[in-house]
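**Q** In case you want the letters, here they are:
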Amino acid sequence: MATEQPVATAAGDQTRIHNIGYRNYDGPRLGRAYARRSLYSQSLRGAYGLGRSAKSKILPMLLFVVMCLPAAIMVAVAVATKANDLPLDYTRYAIVLQAVISLYVASQAPQSVSRDLRFKTVPLYFSRPIETADYVRAKYASLASALFILTAAPLLVLYVGALLAELDFADQTKGFAQGLVSVALLSLLFAGLGLVVASVTPRRGFGIAAVIAVLTITYGAVSTLQAIADVQGSTGAVAWIGLFSPITLIDGVQSAFLGATSAFPGGVGPSNTEGAVYVLVTLGLIAGAYGLLMRRYKKVGL
Amino acid sequence: MDVTVIATESLSKRFPRVTALDRLSVDVGPGVTGLVGANGAGKSTLIKILLGLSPATEGRAEVLGLDVATKGADIRERVGYMPEHDCLPPDVSATEFVVHMARMSGLPPTAARERTADTLRHVGLYEERYRPIGGYSTGMKQRVKLAQALVHDPQLVFLDEPTNGLDPVGRDEMLGLIRRIHTDFGISVLVTSHLLGELERTCDHVVVVDGGKLLRSSSTTDFTQTTTTLAIEVTDTDEHPDGTRAVRDALHARGVTVQDGSGLPGAGHVLLLTASGEETYDLVRDVIADLGLGLVRMEQRRHHISEVFKDSDAERKEAVGHGN
Ligand SMILES: Nc1ncnc2c1ncn2[C@@H]1O[C@H](COP(=O)(O)OP(=O)(O)OP(=O)(O)O)[C@@H](O)[C@H]1O
Ligand SMILES: [Mg+2]
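Protein sequences, first through last, are from chains V and Z.
Reminder that position 30 of the first sequence reads as 30 in this note's numbering, one-by-one numbering, no gaps.
Offset between the second sequence (1-based) and this note's numbering: plus 302.
The hints are simulated quantities; they were obtained by calculation from the structure and are not laboratory data.
Any given hint could turn out to be false.
A few chain Z residues facing chain V, derived, Cβ under 10 Å [as the list claims (entries may be wrong)]:
(1) G408
(2) A414
(3) Y438
(4) M442
(5) A451
Simulated pairs of lysine-lysine, BS3-like, Cα-Cα distance not exceeding 30 Å [claimed, not checked]:
(6) Z/K443 - V/K299
(7) Z/K373 - V/K55
(8) Z/K515 - V/K55
(9) V/K298 - V/K120
(10) V/K120 - V/K174
(11) Z/K373 - Z/K515
Quick look at which bits of chain Z chain V covers, simulated, 3 or more residues with Cβ under 8 Å [what the hints assert, rightly or not]:
(12) 388-398
(13) 481-489
For glycine and all other residues, C-beta sits at the position ideal for the given N, C-alpha and C.
Generate the whole structure from the sequences, applying the supplied hints.
**A** Shown next, in the form of structure tokens:
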């Protein structure tokens, strides 16, 4: 009795203080597809720090500038010297700047998925109409799009510059298109690998380190082995070893099918048959990454 | 009850090593319903099944007339959920976070912003809503968690231990807010707690589970009448060297059964009796005043669920007998 009275009045006061008229919502509820699109655009913006703190804008923006700067310089040089070709092929650009791309994936994949895991926000998504597949697709598509923006923007700079320098239009357009296909594939592959690794750990720092390891250590190992194989004259092995790191995988695909010059030792990329294996492995990895993400989030549930 | 908001039928959930829910059959109507049980009783498990996120091992359940096994997405569009654990990112503001969650529930951008502003105000967050959540007190965080569950104007909300970690004032404010979710917003509520005492005041109906089994489901008025136990301790005087005994005899004479408070602190000096409403308090007060004794304490002993249901088996059986 003694304890109940004051509580009743406290609750009553509360009612009076807050009672400013509750309005029911009878507008549209746009459902899963809309929620997925919203998550996609929020995550894509987030990948460049938009809608986040000023501090989180620094790294992605900086990497974007670093990625585009060489292209701008090349274009300036080409225009000034009236060169008859760009110093670097469209397809080679991403390969040369792979470290910047890896750093971007390593920083943004964990921010995209580890945060939701670490702060246990995931259950809030799945208590809504949105389902595992919606979440995974939105996250995958947003990081792949962010990477495409990062890798295609410098190609666009090169292309516009090439046209300004009045280089051969047909030639340049073909090269640009091949470059775009190549970076699209690279974006899908890197986003998938980055997200799978990052989604395993709620710890952001660990995620960053693990993504860097997967992208760069494999490259280091593969190119070392390739160099050894090349020196020993087993040229056949060079192509097969290239299957084991993401960036050499892309290199192989584009030198087989997208008219790129290979960065493999000896400058010889995979043959067409070997190239077909490269394409299959690349697509397999992309599909596998999606499958693993689905499995991971099925488990997280609530 | 004409409308059923939640209905379960022989609902079971077995994990490899534990049975979290054991053939639970219960009907819940509109209003505020408390789901009470000790740690591990199966409260959170029940909520996950009702959200259509975790399949039941056997039995069936409906929420708002929709089968949880097949209509999970439709249910989740119409209900809100506040988890028991932390779920807020520290580096965004309450406004940004709740707007995002509103859009995840399908609200168009403008509606999401308007409803976020309204909802945060209704739960009592004002200027601070533009600051990063990381700097909020536990009470404020609980309000943000509540706001994200309400922002899409659901027909029903599941609140999993919303008073967790709050001080007594914060707890009372949260309970007041929960009451208003039904009275002012017209939203039905299923709220869990391991404290029966705090839910009795807030809820229209209380469901008690223990070890995944239904122990009792009844309206709170029934509850208070049958289960309130009073603990009384009095002083001795020259006239009554054993005051405790004198009170017991006097109460006996008036037909009130009294037990010794054996096992309680101050055993031998504590009397326990079942209060059946306001009259009991008055009676005790009068008896003690007539004897000229001093009242050391008189308190309700029904705050922890285990005391109500586990202290005495007889009482427990009686309690179950009152269930549905
Ligand atoms: N995913 C799971 N796997 C195995 N056992 C589980 C799982 N989830 C819950 N349990 C077990 O089921 C039982 C009921 O758990 P539940 O979380 O529903 O209890 P609760 O009533 O919410 O408890 P609390 O008050 O601690 O939140 C517990 O014994 C718990 O260990
Ligand atoms: Mg629980």
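**Q** Out of the numbered hints, which ones does the structure contradict?
**A** Per hint list: 3, 4, 7, 8, 10 violated.
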